[in-house]
Amino acid sequence: MKAPKRKIKPEAAKKPKLAVFKFTSCDGCQLSLLDAEDVLLDVVDAVEIAYFVEARDRRLPGPYDVTLVEGSISTPEHIEQIQEIREQSKFLIAIGACATAGGIQALRNWRDVDEFVRIVYAHPEYIDALQTSTPISDYVQVDFELRGCPINKYQLLDVVTSLLIGKQPRTPTYSVCMECKRRGTPCVMVSRGIPCLGPVTQAGCNAICPAVNRGCFGCYGPHEAPNTDALGQHLEDLGMTSAEIVRLYRNFSGYADAFRLASDVYEEMMA
Amino acid sequence: MPDLTPTIGAFASVEKAALQSILDALKGAGYTLIGPTLGEGAIIYDEIQGIDDLPRGWRDHQEPAAYRLQRREDDAYFGFVVGPHSWKKYLFPPRQSLMKVQRKDGTFQVTDEPDPPPRYAFIGVRGCELQAIHIQDKVFLGGPYQDAHYKARRQQSFVLAVNCTEPGGTCFCASMGSGPRAGAGFDLALTELDDIFIVEVGSEVGAMMMRESGWRPAGAFELQQAREALAAAEKNMGRHLDTSDLPNLLYQNLENARWDDVARRCLSCANCTMVCPTCFCNDVLEVSDLSGKNVERVRVWDSCFSIEFSHVHGGNIRPHTRARYRQWLTHKFASWIDQFGVIGCVGCGRCITWCPAGIDVTAEVAAIRGEV
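Quick mapping for you: the protein sequence lines, in order, are chains A and B. 1 is the number of the first residue of the first sequence in the numbering used here; add one for each residue after it. 1 is the number of the first residue of the second sequence in the numbering used here; add one for each residue after it.
Please keep in mind that the hints were generated in silico from the structure rather than gathered at the bench. Using N, Cα and C, we set each Cβ at its ideal position, and we do this for glycine too. Mixed in with the good hints there might be a few duds.
Unchecked claim - 16 Å max Cα-Cα, derived EDC-like pairs, lysine to aspartate or glutamate:
| no. | chain 1 | residue 1 | chain 2 | residue 2 |
| --- | --- | --- | --- | --- |
| 1 | B | Lys293 | A | Asp42 |
| 2 | B | Lys293 | A | Asp45 |
| 3 | B | Lys151 | B | Asp194 |
| 4 | B | Lys27 | B | Glu63 |
| 5 | A | Lys167 | B | Glu286 |
| 6 | B | Lys293 | A | Asp158 |
Stated by the list, open to error - Just the calculated beta-carbon pair ranges, DEER-fashion:
| no. | chain 1 | residue 1 | chain 2 | residue 2 | range |
| --- | --- | --- | --- | --- | --- |
| 7 | A | Asp138 | B | Gly370 | 47 to 55 Å |
| 8 | A | Trp110 | B | Lys104 | 15 to 23 Å |
| 9 | A | Asp264 | B | Asp261 | 40 to 48 Å |
| 10 | A | Asp237 | B | Pro247 | 30 to 38 Å |
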């Protein structure tokens, strides 16, 4: 993923226009922006919120200087919309596991969607869905990706701040273990035998789950050099079955390349 | 009134409960006590108030990729070895504000490390850990540029060492010459026997802290017991590492097939470097607020296992796990000696226990030596 190279600064003293759009998702990531309570007023000072349906009624037309896109692409209509949004956006940031990996709803990518539609809906003919739920970058060029389910609001603020002042955002791509150890949490896998995706997952959440004695769910997707074979071996040693390992990898970021491939290997072993 | 202060170099004998009076004396002298205590499924280092906070009656069973707390049959105060934390957490904090800069009235104002660090008394520093502190002293204070933040913490710290009488499953301090007996550089060093502590006095401050402990000179029988316990511990290490000709062995094996083998097992997760008490690599971040008026310079623990770490102008010099693992191991056991005049490993075994893939440095070095 490329870091932004240019400073986002529109002509004259006009404030940069910020837009927020969403596709198939729960809204949690865009709420992270509203959740930035202490600095929310600073955000409003620094940028013009031009389009953010969750926050205000006024909807200004593009072009936008910075666009945040939440959610995965899962209907034909989405494809047209994201292309239009891309055309209207100078700098497009995909936010969250849905927009960067397809989200939990990407579980359908392994199954027959038409069958689901027939079973679930009284009138399947009204449903116009794609066979897959995939990330924004499958359809348009994305300038920056922020991972997570939900994203970390401090990472979001760092990216927005970096764009405003023209510096490189510091979004780590190393493992969750680095954050886990920095905060002093004893490894849950080593000290308790709890399966954990931390060693193959990208940092950013500040290792919140191991801090409450839960293994990492892999929300932030694979880190820069994920060795899923080596972790898989250890998960087997901990007594996990192939089916359990498939479920562990196929979670919020399960359709991200390394996790998808690892889960496919274990699914084959189940057969 | 008789002089209650022992001389430096003296061996004293104290009742176990008298350790509390030593800790009280330290608190009275303004020290913040940091010591081993039961944490989240492990014995961690945290602030303690007294001997009741120590993990009395617990041991830590350790092997590659596994650590389990177990009840002991006795109620020893220090019947365990080392856990996931090390003292570098306090001397070289994982996240530390180096300075703050505020833009104001057309100029800017710089504030160095805003809060002065507390005076730490480290309770229960093992021989390997004391050696690790000496190594980090060389790293942060040895060259022409001294690290003021490390120095501020280090020079006013108190070290109460504990000699190890029961090494753990991943320990190999005897191979590295750092234990089981703590070497020089402590203020006080304890050896725990069944009913008493033998206390070796290492400094003036250490001697002063003994005044209210009701100490008496240790007798020949007690000293003999302590010597025997330490001699037995030395023969009882869970691991062994042959250090002979080490830098050459590694430098002559930079293309050994073992690096490919270990790269297949290595998660590149950086756990080994985070738990290592001598690893010192760090990153410095400039954190700005939205207005750009307030900036903080922050230092965080980094690792040679992250890709960005070896990103230099023009590309990455260690793009694969094979190169990163080789860098870590050869630095620790070879180029560290060129750089700091001392080997970078103290044999504490943390990297073996806390590696989720159970990679064992002693086995890797042995394999490169051709012993496996």
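Quick rundown of the hints versus the structure:
The suggested pairing of Lys293 (chain B) with Asp42 (chain A) holds, with an alpha-carbon distance near 12 Å, which does not exceed 16 Å. Proposed proximity of Lys293 (chain B) and Asp45 (chain A) is supported: the alpha carbons are some 14 Å apart, at most 16 Å. Under the criterion of a C-alpha separation no larger than 16 Å, the hint pairing Lys151 (chain B) with Asp194 (chain B) is inconsistent with the structure, at around 38 Å. About 36 Å separates the Cα atoms of Lys27 (chain B) and Glu63 (chain B), which puts this hinted pair outside 16 Å; it is violated.
With a CA separation close to 10 Å, the supplied pair Lys167 (chain A) and Glu286 (chain B) stays within the 16 Å bound. A hinted pair counts as satisfied when its Cα atoms are at most 16 Å apart, and Lys293 (chain B) with Asp158 (chain A) qualifies at roughly 14 Å. In this structure, Asp138 (chain A) and Gly370 (chain B) meet the distance hint of 47 to 55 Å, their C-beta atoms being roughly 50 Å apart. Between Trp110 (chain A) and Lys104 (chain B) the beta carbon distance is about 57 Å. The supplied range of 15 to 23 Å is therefore violated.
Asp264 (chain A) and Asp261 (chain B) have their C-beta atoms about 25 Å apart, which leaves the hinted 40 to 48 Å range violated. Asp237 (chain A) and Pro247 (chain B) have their C-beta atoms about 34 Å apart, which keeps the hinted 30 to 38 Å range intact.
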